[in-house]
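> Sequence:
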Amino acid sequence: MVTTTTTTTTTALHYGLRPSQPVLNGTAFFVTPRIAGIRKPRRFPSSVFFTNGSNRVVLNASSASTTTTTTSSSSAVSSDAVESETALDVGEIKRKCRKWQWKGQYSVNYFVSSSDDDDDADSQTNPPLLLVHGFGASIPHWRRNIKTLARSHTVYAIDLLGFGDSDKPPGFSYTMETWAQLILDFLDEVIQKPTVLVGNSVGSLACVIAASGQTLVRGLVLLNCAGGMNNKAIVDDWRIKLLLPLLWLIDFLLNQKGIASAIFERVKQRENLRNILLSVYGNKESVDEELVEIIREPANDVGALDAFVSIVTGPPGPNPVQLMPRISLPVLVLWGDQDPFTPIDGPVGKYFSSLPSQQANVELSMLEGVGHCPHDDRPDSVHEKLLPWLASLPTS
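To convert, note that position 170 of the sequence shown is 170 in the UniProt record's numbering; the numbers rise steadily by one, no gaps.
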């Protein structure tokens with residue numbers, strides 16, 4: 001039996017929230033911006049993220065052979081925090097990015113790197129990986145992984161529509177299915193080879209959807225997979241069911257342009273972003289000014305507010321619980337046990353914890369002391385599990 005102890009503090013990225021008293025044996029967060037001259041903060045329960053303050057997580061003994069727990073030592077914290085010798089400069093990433101026209105009308109930003117050190121992606125012989133970021137992030141969020149992965153693979157990274165330097169078309173209705181289709185078309189038109197998909201958060205879920213019916217996907221790596229595009233997907237949690245009327249109220253408020261703009265402006269302030277990131281990273285030293293800018297800069301683009309509102313208030317999309325049984329290709333699940341967004345004791349975390357005992361193609365590693373974004377939080381812990389798994393994949 002594998003047992004880990006987690007202590008998590010819950011936060012809500014989407015609305016710039018701050019904690020109130022414990023509610024429903026978890027922690028609820030409430031919107032408290034001053035909007036339209038309101039001096040006394042109005043409390044609106046968040047649509048997201050409940051976790052107990054201190055929990056024991058017991059993984060099924062039958063899955064112990066495919067479930068491992070990685071502990072980050074104090075020395076590992078130091079090396080993970082900086083990664084200066086392997087981190088790629090964000091300016092260099094931006095300079096080397098390319099543009100791809102999706103559906104003949106949307107400009108999608110992407111990056112490619114390989115140990116072949118050749119600008120011509122067609123001439124690169126290493127097997128390809130495609131990195132897909134999570135909510136609010138972009139290609140530079142993989143700054144601490146690209147160099148290490150490029151030693152043995154041709155590494156592609158993409159900005160999903162609505163994020164990073166990809167288009168943020170006005171009035172566009174964002175869905176998980178749209179992002180999955182973008183990934184599939186990118187595989188078909190740009191990479192054109194069997195590819196391992198590596199995703200974080202909603203990027204993981206987009207990869208799951210894409211992999212559920214695609215022959216060009218040869219493997220799937222999920223880093224703290226999201227349960228949906230937003231938290232209306234987590235209806236199996238009785239706490240979320242109780243709050244559904246309040247979630248609808250939040251959706252209504254965010255569809256009021258003035259209120260949405262005020263909340264969004266609050267969220268993207270440097271200090272607020274820093275505090276949010278500190279609360280979702282296990283390794284606080286990894287939250288540097290560069291990371292804050294990676295998240296903040298694209299949020300100033302025209303169309304960023306519309307994307308934010310559409311994503312938070314839109315349909316949650318397919319659930320990984322429904323999709324994973326359809327996937328027979330090799331899957332590696334890496335889960336940070338300090339994740340307040342998709343906690344290991346929540347519905348999605350519990351499902352993935354039990355999955356190795358149900359599907360022989362799935363391996364799970366719990367990463368101790370790691371938050372919602374393992375690849376940037378403690379990259380060494382991720383590489384320790386990811387690189388051997390990649391090397392074990394069939395070559396054809």
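Hints are computed from structural coordinates only; laboratory data are not their basis.
Certain hints may be false.
What the hints assert, rightly or not - With beta-carbon atoms standing in for the labels, derived distance ranges: (1) GLU177 with PRO388: 42 to 52 Å; (2) LYS94 with GLN269: 16 to 26 Å; (3) SER261 with VAL321: 34 to 44 Å; (4) ASP188 with ARG326: 18 to 28 Å; (5) SER115 with GLU265: 17 to 27 Å; (6) LYS257 with SER115: 44 to 54 Å; (7) THR215 with ASN275: 12 to 22 Å.
The structure presented is a predicted model; accordingly, all values stated were derived computationally and were not measured.
Don't be surprised by glycine CBs; every beta carbon is placed ideally from N, CA and C.
> Now tell me, hint by hint, if it's right for this structure.
Against the structure, the hints:
1. GLU177 with PRO388: 42 to 52 Å: violated, 33 Å
2. LYS94 with GLN269: 16 to 26 Å: For LYS94 and GLN269 the Cβ distance comes to about 23 Å; the hint holds.
3. SER261 with VAL321: 34 to 44 Å: holds, 35 Å
4. ASP188 with ARG326: 18 to 28 Å: Roughly 20 Å apart at Cβ, these two residues keep to the hinted range, so it holds.
5. SER115 with GLU265: 17 to 27 Å: violated, 43 Å
6. LYS257 with SER115: 44 to 54 Å: holds, 48 Å
7. THR215 with ASN275: 12 to 22 Å: Given a distance of about 44 Å, which is not inside 12 to 22 Å, the answer is violated.
Hint compliance for this structure: hints 1, 5 and 7 are broken, all remaining hints hold.
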